[in-house]
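Number of protein chains: 2
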Amino acid sequence: MDLTLDGDVVRAGGRARERFYDSRGYGRARNGDLDLAPVEAAHLLYRGDVEAVDGMAFRELLGSSAVSMVDFLVYKDLRDRGFYLTPAREDWVEDPDGVDFVVYPRGQGPWDDEVAYRVRVVGERDDVPASSLGDCVLAVVDEESEITYLETATREVGGTSDASVTAVDGELLTERVVCWDPPSDVYEQAFYGQRLDDDAVQLSLVEAAYLARTGDLRVEGGPDAVAERGREVEGERFDRRLTVYAALRDAGVVPKTGFKFGADFRTYADVESVENLGHSELLVRALPAAHRFEPRDLALDVRLAHGVRKTMVFALVGDGVEWVEVQRLTP
Amino acid sequence: MDLTLDGDVVRAGGRARERFYDSRGYGRARNGDLDLAPVEAAHLLYRGDVEAVDGMAFRELLGSSAVSMVDFLVYKDLRDRGFYLTPAREDWVEDPDGVDFVVYPRGQGPWDDEVAYRVRVVGERDDVPASSLGDCVLAVVDEESEITYLETATREVGGTSDASVTAVDGELLTERVVCWDPPSDVYEQAFYGQRLDDDAVQLSLVEAAYLARTGDLRVEGGPDAVAERGREVEGERFDRRLTVYAALRDAGVVPKTGFKFGADFRTYADVESVENLGHSELLVRALPAAHRFEPRDLALDVRLAHGVRKTMVFALVGDGVEWVEVQRLTP
Chain H
1 MDLTLDGDVV
11 RAGGRARERF
21 YDSRGYGRAR
31 NGDLDLAPVE
41 AAHLLYRGDV
51 EAVDGMAFRE
61 LLGSSAVSMV
71 DFLVYKDLRD
81 RGFYLTPARE
91 DWVEDPDGVD
101 FVVYPRGQGP
111 WDDEVAYRVR
121 VVGERDDVPA
131 SSLGDCVLAV
141 VDEESEITYL
151 ETATREVGGT
161 SDASVTAVDG
171 ELLTERVVCW
181 DPPSDVYEQA
191 FYGQRLDDDA
201 VQLSLVEAAY
211 LARTGDLRVE
221 GGPDAVAERG
231 REVEGERFDR
241 RLTVYAALRD
251 AGVVPKTGFK
261 FGADFRTYAD
271 VESVENLGHS
281 ELLVRALPAA
291 HRFEPRDLAL
301 DVRLAHGVRK
311 TMVFALVGDG
321 VEWVEVQRLT
331 P
Chain V
1 MDLTLDGDVV
11 RAGGRARERF
21 YDSRGYGRAR
31 NGDLDLAPVE
41 AAHLLYRGDV
51 EAVDGMAFRE
61 LLGSSAVSMV
71 DFLVYKDLRD
81 RGFYLTPARE
91 DWVEDPDGVD
101 FVVYPRGQGP
111 WDDEVAYRVR
121 VVGERDDVPA
131 SSLGDCVLAV
141 VDEESEITYL
151 ETATREVGGT
161 SDASVTAVDG
171 ELLTERVVCW
181 DPPSDVYEQA
191 FYGQRLDDDA
201 VQLSLVEAAY
211 LARTGDLRVE
221 GGPDAVAERG
231 REVEGERFDR
241 RLTVYAALRD
251 AGVVPKTGFK
261 FGADFRTYAD
271 VESVENLGHS
281 ELLVRALPAA
291 HRFEPRDLAL
301 DVRLAHGVRK
311 TMVFALVGDG
321 VEWVEVQRLT
331 P
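Quick note, the sequences are listed as chains H and V, same order. For reference, each letter of the first sequence is one residue, going 1 to 331 in UniProt numbering. For reference, each letter of the second sequence is one residue, going 1 to 331 in UniProt numbering.
Just to be clear, a hint being listed does not mean it is correct.
Stated by the list, open to error - In silico SDA-like pairs for lysine to any residue, Cα to Cα no more than 20 Å straight-line: (1) K76(H) x R59(H); (2) K260(V) x V308(H); (3) K310(H) x T160(H); (4) K310(V) x D270(V); (5) K260(H) x D270(V); (6) K260(H) x E272(H); (7) K76(V) x G13(V); (8) K76(H) x V308(V); (9) K260(H) x T174(V); (10) K260(H) x V308(V); (11) K76(V) x W180(H).
Just so you know, these hints were derived from the structure itself, not from any lab. A quick note: this is a predicted structure, and the numbers were derived from the prediction, not measured.
The shape of chain H in the complex, shown without the other chains:
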């Protein structure tokens, strides 16, 4: 069987089309013949289904610049898991932008219309722009060639928690605001702050800045004094976190510190009272929209969130806030 490398396409004839495309979903049919991406040809070589491509055996093709090793590893892994998939090239699949493979549901192939996953291949040392996430599965190939699949999706956040409280006085003390003898709803219902004792509640700077802005907290110097203190101790990160905090509160979600989980916030969607607090659902990390992830940091966040039965959400702060959820996936 004759397979020839023509630029970045491997050309094969009608018999190859019948054998590889029609029955096993490799490549793209073209006028009765077959076009294969080099990574697909490498897989056929690897399996022993063909013997050579342009005279090259598997090792040679893999060592050539025609095939990326990480692409091959992901292609092979998905085939091993029982999927048919197509390299995401212009005219080969719909909307190839930003992904490397289009994966079909098990039992389906390029002849069908359904897509199970849109997969982007990433080496563990490649950085990943946050703005490029949201409609793809990252297949991260680590240095030992293990693959971690991370499903990314844009989402909304929302809940039924009530952010409004009886107005309260507070005193700015270094990195917190203390409310002496606050009305009980501040902590008990709306879950702002943390009790110092029965007679006092401490607010974080971000909580205090939000409440001062809504007019529910009276503090010397007003909202500006609190935000200024926040910037002094946190820099520009403070404003970013305040934007995300406010977006969550405004959406009916209670954000509390995510420090113990290494995140900015953990969130509670439906707080009626602190006494009957449920499990927090999300871990939120606030990032500038232009942020670029190191895959290892992504893996760390997602793994931790999974371990504590929460969903990792990145809040990308640009003109507004975009929410991107990332979860581990086993295809």
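We have chain H; now place chain V onto it with these hints.
Just chain V, lined up with the frame of chain H:
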């Protein structure tokens, strides 16, 4: 009862000494009288045991520059947990360097010789030099005034795994080295690399650089070619990781990638064969000795390690490698 603020010491008389030092371990006895640190005086005010210090009530003292809010929160928390503790001042405790409080075992106090914890108070926004860890408990006060205790200790690492293998040939392919038809001990016994299939093992660059250096891997260009590729894709981090990898292997421990846990390595102390592989014990992050931690990153690593029943170890690379273990502590 008269308490007066004298510089950074609160002076009190003999009755206060009997009541607070002799029976409850506050302060330091001085010629039958009592010296208190302001944080201790604040706690006595908070509890209502004294009414004023130099005319100041609790709120006023806490709002003054004499008492740090985070120190107070940790002092109070440890008292609430049933401990007596002494502010780490020169002449008040032995070896006060690098810590804020010396905490005695429950039931003991400053009259006894035993120390349970040496505690350093850290705000979540303060950075922590890696070199300052090893003989202290960090009490990290987060923005909502919750306290996370992290116990740090220097340690050794060691195991019984054998790093030597039959010499093998390898081919450098972008970010990995592939060994075609390797001797079985490379993967099966010594646990280098990852199977591509029955006939090939892929080594990570750090594994390959180590094996090339020991002479067990023959690769075009030798160890330098592998290390150079490593630096191309990872920068100076590669050499740091190689140093840590080699130190672990030389100590009889098998390091494998820690990518899925967001770390540099996970380690196996006693590998006889991959078939009977036990649980990996440590997660290792390689850092320059001059590294400064953000407490949030520390919390993330330690939390994750705990969740997967491993111990978090930081490998600080300077002239040699120093190993610092960090674990969550509930005092």
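>> Could you work out which of the previously given hints the structure breaks and list their numbers from low to high?
In response: Result: hints 5, 6, 7, 8, 9 break, sorted rising.
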